[in-house]
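Chemist: So the sequence lines, in the order shown, correspond to chains A and B.
Mapping the first sequence onto our numbering, position 57 (from 1) lands on 57, and the numbers just tick up by one.
Mapping the second sequence onto our numbering, position 69 (from 1) lands on 1069, and the numbers just tick up by one.
Derived by calculation from the structure, the hints in this document are not laboratory data.
Only a predicted model underlies this, so the values are computations on that prediction, with no experimental measurement involved.
Heads up, a few of these hints could be off.
[Said to hold, decoys possible] Straight-line distance between alpha carbons at most 30 Å, and here's what the computed DSSO-like set of lysine-lysine pairs gives:
1) Lys77(A) with Lys1045(B)
2) Lys83(A) with Lys58(A)
3) Lys83(A) with Lys1045(B)
4) Lys13(A) with Lys1042(B)
[What the hints assert, rightly or not] Incomplete in silico selection of chain A near chain B, CB under 10 Å:
5) Gln3
6) Gly32
7) Val39
8) Tyr55
9) Tyr60
10) Ser64
11) Lys66
12) Phe96
13) Gly112
14) Gly114
15) Val119
Note that beta-carbon positions come from the ideal geometry of N, C-alpha and C, so glycine has one too.
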Amino acid sequence: QVQLQESGPGLVKPAQTLSLTCTVSGGSISNGAFYWAWVRRLPGKGLEWIGHIYYSGKTYYNPSLKSRPTIAVDTSKNQFSLKLTAVTDADTATYFCARLLTGGNSWLDPWGQGIQVTVSS
Amino acid sequence: DIQVTQSPSSLSASVGDRVSMTCRASQSLGMSLNWYQLKPGKAPKLLMSAAATSHTGVPPRFSGGGSGTEFSLTITNLQPEDFATYYCQQSYSVPPITFGQGTRLEI
């Protein structure tokens, strides 16, 4: 059974870079049937897709985040990561990693438990 | 991009009740809509895929329906563990992945 777990600092200063890692266990991140995604839950605003990556390194990003996110994959560690530059308090959220099925009806399953990240000086 | 509008934003109900929530899309999705359950401190759960297909382990009191631009999630015989926030997600055109605004189900 595949499980995902987010890790990283829970507090980031404004204008700095948020860095999170998602560790995948119980399955290979190189499974070509899936992408690997980051989603965040903004306070009072619901879920927002940040981006996703294929094991080959191909990435897709939410254009509303204006080139601030970078998602990378490390197949040797079965991990993928998120870097979000120039954070502001608007980036305070719970960040989730999830597996995204490829193909015609793409759903996210499973998800990690989430990590609360607060942007504050 | 496809927009998805979810309603209501919140819903009050009691144990044993039947409730429904709706997602409307800005264009036809066919059957390409999924539903998720979120609870504080827990990993979000996929409930339904392809509008009406229950994910593994989802109790039969959850049902999904609809096609095209209008979809629904219905919960019958509400149980205490069902009080959570529910989101729909369109999967007709990905990327981008787009979610509804969420429905908070409260006691």
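Chemist: All hints are to be evaluated individually against the structure, with a verdict given for each.
Modeler: How the hints compare with the structure:
1. Only pairs whose Cα atoms come within 30 Å are accepted, and lysine 77(A) paired with lysine 1045(B) is accepted, the gap being roughly 25 Å.
2. The hinted pair formed by lysine 83(A) and lysine 58(A) meets the criterion: a straight-line CA distance of about 16 Å does not exceed 30 Å.
3. Between the alpha carbons of lysine 83(A) and lysine 1045(B) the distance comes to roughly 25 Å, so the proposed pair stays at or under 30 Å and holds.
4. This hinted pair checks out: lysine 13(A) and lysine 1042(B) have alpha carbons roughly 26 Å apart, not beyond 30 Å.
5. This hint holds: glutamine 3(A) has a C-beta 9 Å from the nearest C-beta of chain B, less than the 10 Å allowed.
6. Among the interface hints, the one on glycine 32(A) is violated; its C-beta lies about 17 Å from the nearest C-beta in chain B, farther than the 10 Å criterion.
7. For valine 39(A), the shortest C-beta to C-beta distance to chain B is roughly 8 Å, which falls under 10 Å, so the interface hint holds.
8. With a cut of 10 Å, the hint placing tyrosine 55(A) at the interface with chain B is violated, because the nearest CB-to-CB distance is about 17 Å.
9. Against a cut-off of 10 Å between C-beta atoms, the interface hint on tyrosine 60(A) holds, since the closest Cβ of chain B lies about 4 Å away.
10. The interface hint given for serine 64(A) holds, since its Cβ lies 9 Å from the closest Cβ of chain B, which is under the 10 Å cut-off.
11. Below 10 Å, beta-carbon pairs count as interface contacts, and lysine 66(A) has none with chain B, the closest being about 14 Å; its hint is therefore violated.
12. Proximity of phenylalanine 96(A) to chain B holds as hinted, the smallest CB-CB distance being about 7 Å (cut-off 10 Å).
13. Restraint check, glycine 112(A) versus chain B: the minimum CB separation of about 6 Å is within 10 Å; hint holds.
14. The interface hint given for glycine 114(A) holds, since its Cβ lies 7 Å from the closest Cβ of chain B, which is under the 10 Å cut-off.
15. Evaluation of the valine 119(A) hint against chain B yields a violated restraint, the C-beta minimum of about 20 Å exceeding 10 Å.
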